[in-house]
Amino acid sequence: MAYNSFVNPLEGPRGRYRYVSYFDEDISRFSSINSFTRLLNDLFSNISLEYCEFIEQKLALNEYWQDSSSIYPAIEVSLLGLKDILGFAFPHPGEVIDYLIQNPGLYDVVMYACSMTAEEFGSTSEITLDIFHDSESGDRYLTIYVRQKKYDDDIIARMDRICDLYEPGLKGLSGWLLLTTDYKPPST
Amino acid sequence: MSRYRNSPIVEAVCEFRFSADTPWEQNLPERFYDAVKERFPIRESRKEQAIQIKASSEGVAEHRLETIETPIFLTGDRKVLIQIGPRRLSIHHLKPYHSWGDFKSTINLAYDTVTSLTRVTGFDRVGLLYVDKIEIPESSIRLADYFTFYPHCGEGLFGDVMNFMVGCDLTYNGNRDICRLSMTRAMPKKESNSAYLLTTDYFLAKRNAVKPEDVTTWVEEAHKTVKTLFKGCITEKLEEVFNMEE
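Just so you know, the sequences run in chain order P and U.
According to my numbering, the first sequence is numbered sequentially starting from 1.
According to my numbering, the second sequence is numbered sequentially starting from 1001.
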């Protein structure tokens, strides 16, 4: 049988957060089609028939047990995952959360960019997610900073490759995401 | 829930999923925007990913991804937004949440606008959800001091709890309604704080069990229950935290 799972960027796949291991995989895996297919199989291959039967029973009883749409929990839990699992630094977590909440379409792109940045720089660099305040224009941007003890010569080219992948996703959205370095040493 | 000096509410959501036989013309979001644009002048859209999976005894046989654009209408300060998808309407109020009266009037505005544009025949689901972020100015706390709803680890369990998620479904009105209560760790504003996310999601669990003309009453009763449940989840000591000077 077939069933639909409606994934809404405003609500996030909240059902997964009942199982912390699924959430870990979401954060730590590189977001490619292959990884996505593997994740689907991991999530559903063993439970699909049981789950379908459960849904069928619920439908037969005219019951509807999905969660409400919500913006906040998915963002909060994902950022906590970036911090605890991938070691991201958050000097101003409240501002980052507020920025993502007020620009809700940005969340998916940010998670995608953070996953790629962690894949590329996670073992050699400190990665910080913060808000950059442009004092001249008054604008604010969400910013991923990569900081290294000894800066690689090709750091800019590697960051540019990541930007090329996530920036098309920002088209038409409010808010913006930068990936950059300020050539400061890591804080730890 | 909003009578505290520092209200913990970071998001309130009221969502209507209309029954499949409710007429839903393609230009309904456009007409909806025309009706509410004075209060919700910012218009954006979100890309939603719909996934269809075919499962068999062998596992996932095939899957199909589809991208859907969903219109979102926001107030000028981006603190209140309405999302309108096919037979689906949700109203989101972000912090600062001032009062139930304010939120209810926004819910009524959105719902009444939909009913002026189409004939609502019933509901697959109606939900009222509150997300409370609770920040306690201590890095290590005993949960029982602040909560009456928390994970219990027996004496046989050792080690420090790093993450947790606790939840339960409570039923009301002869299983017609469910309130899904859940609590998890959250990101504190300061390293020296502890933070938790408490979510109360009260929803209609049986399709078409509430008539369109009774839905306003249902939402009002849902709010009363959610408010009582929230109060039941916390201790007086936590209420003192909500009333502390920042």
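Since the hints were derived computationally from the structure, they do not count as laboratory data.
It should be emphasised that the depicted structure is a prediction, and the values quoted were computed from it without experimental measurement.
A portion of the hints provided could be inaccurate.
[As the list claims (entries may be wrong)] Computed footprint of chain U on chain P, listed as stretches where at least three residues anywhere in the stretch have a Cβ under 8 Å from a Cβ of chain U:
1) 76-83
2) 89-102
3) 151-157
Backbone N, C-alpha and C define an ideal beta-carbon position, used for all residues, glycine too.
Hints versus structure:
1. 76-83: The restraint on the stretch 76-83 of chain P holds, since 5 of its residues have a Cβ under 8 Å from chain U and three suffice.
2. 89-102: Contact hint for the stretch 89-102 of chain P vs chain U: holds, 6 residues under 8 Å.
3. 151-157: violated (count 0)
The structure does not agree with numbered hint 3 stated previously, though it agrees with all others.
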